[in-house]
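Numbering (our numbering), first residue to last: 14 to 242.
Mixed in with the good hints, there may be bad ones.
Unchecked claim - Computed spacing ranges between beta-carbons, pair by pair:
#1 Glu216 x Lys159: 42 to 48 Å
#2 Ser206 x Phe47: 40 to 46 Å
#3 Arg241 x Trp102: 27 to 33 Å
#4 Lys228 x Gly31: 40 to 46 Å
Source of the hints: derived by calculation from the structure; they are not laboratory data. Think of the CB as a built atom: it goes at the ideal place given N, C-alpha and C, for glycine as much as any other residue.
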Amino acid sequence: MLQLIVLMVRLINKNNIGQVTNLAYSIMKMQELFTYIVEFNNPGIFPCIYVMWHENQFCLHGIRDRNNINILISNSLDGEIIARVCEKWGFKTCRGSSKRKGSVSGTLKMISKLKDGENIAIMVDGPRGPLHKVKSGAIVLAREAKVPIIPVHWYSPNFTFVKFPSWDKMTCPIGPCWLINLYGNPIYAEGKSDKQIAKEIKESLMNLQQSAPGKYKEAQNLKLWKKRK
Numbered sequence: 014m015l016q017l018i019v020l021m022v023r024l025i026n027k028n029n030i031g032q033v034t035n036l037a038y039s040i041m042k043m044q045e046l047f048t049y050i051v052e053f054n055n056p057g058i059f060p061c062i063y064v065m066w067h068e069n070q071f072c073l074h075g076i077r078d079r080n081n082i083n084i085l086i087s088n089s090l091d092g093e094i095i096a097r098v099c100e101k102w103g104f105k106t107c108r109g110s111s112k113r114k115g116s117v118s119g120t121l122k123m124i125s126k127l128k129d130g131e132n133i134a135i136m137v138d139g140p141r142g143p144l145h146k147v148k149s150g151a152i153v154l155a156r157e158a159k160v161p162i163i164p165v166h167w168y169s170p171n172f173t174f175v176k177f178p179s180w181d182k183m184t185c186p187i188g189p190c191w192l193i194n195l196y197g198n199p200i201y202a203e204g205k206s207d208k209q210i211a212k213e214i215k216e217s218l219m220n221l222q223q224s225a226p227g228k229y230k231e232a233q234n235l236k237l238w239k240k241r242k
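Generate the whole structure from the sequences, applying the supplied hints.
Written as structure tokens, this is what we have:
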């Protein structure tokens, strides 16, 4: 869906940001009416840094406390549209860029948010890959703000849970879909090297992916979707 937003931006000039934002939000809000996500094993730690692969970026919609989640978004025109949509959806945003000055600015903003007790969400192999390579952003934040990293993976066996042929193999529901947000154990930075933490994050995300089908069946047995209602 974010790729759809980006395409809209490229086809429509910056003077139409408001219209593009409203159109993109309307499309995604319509899908949300048919998207049923339940959380499984969320440790409920505040503040924390939620991390996920770029392909699972939409799992953020399964975290209930949206108004306490900050998402780093670039200062580009594409980023402006995405930021406005995220904010209309109830998330908070921190603006930055991949350039040194913008990166430092974004990092400082997120550290401040964490120290104020708010959560951060980061796609650890974003924004352009390589696929499943953990970058340093979340690790720097965890170390500076002294907060845990919480890996997140979402999953559904429904045929409406679609994987797109993009570099990140983005997953997104199209039509009625029942999903789980699966959470890993908290990862702490203290006393560990960046390499060790990156390894823990990757292993946790891969383990969540492997265990997801079994956990989904467990969620069915517990009737979590009915309890959510």
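Status of each hint after checking the structure:
| no. | hint | verdict |
| --- | --- | --- |
| 1 | Glu216 x Lys159: 42 to 48 Å | violated (22 Å) |
| 2 | Ser206 x Phe47: 40 to 46 Å | holds (44 Å) |
| 3 | Arg241 x Trp102: 27 to 33 Å | violated (19 Å) |
| 4 | Lys228 x Gly31: 40 to 46 Å | holds (41 Å) |
The structure is inconsistent with the numbered hints 1 and 3, although it conforms to all the rest.
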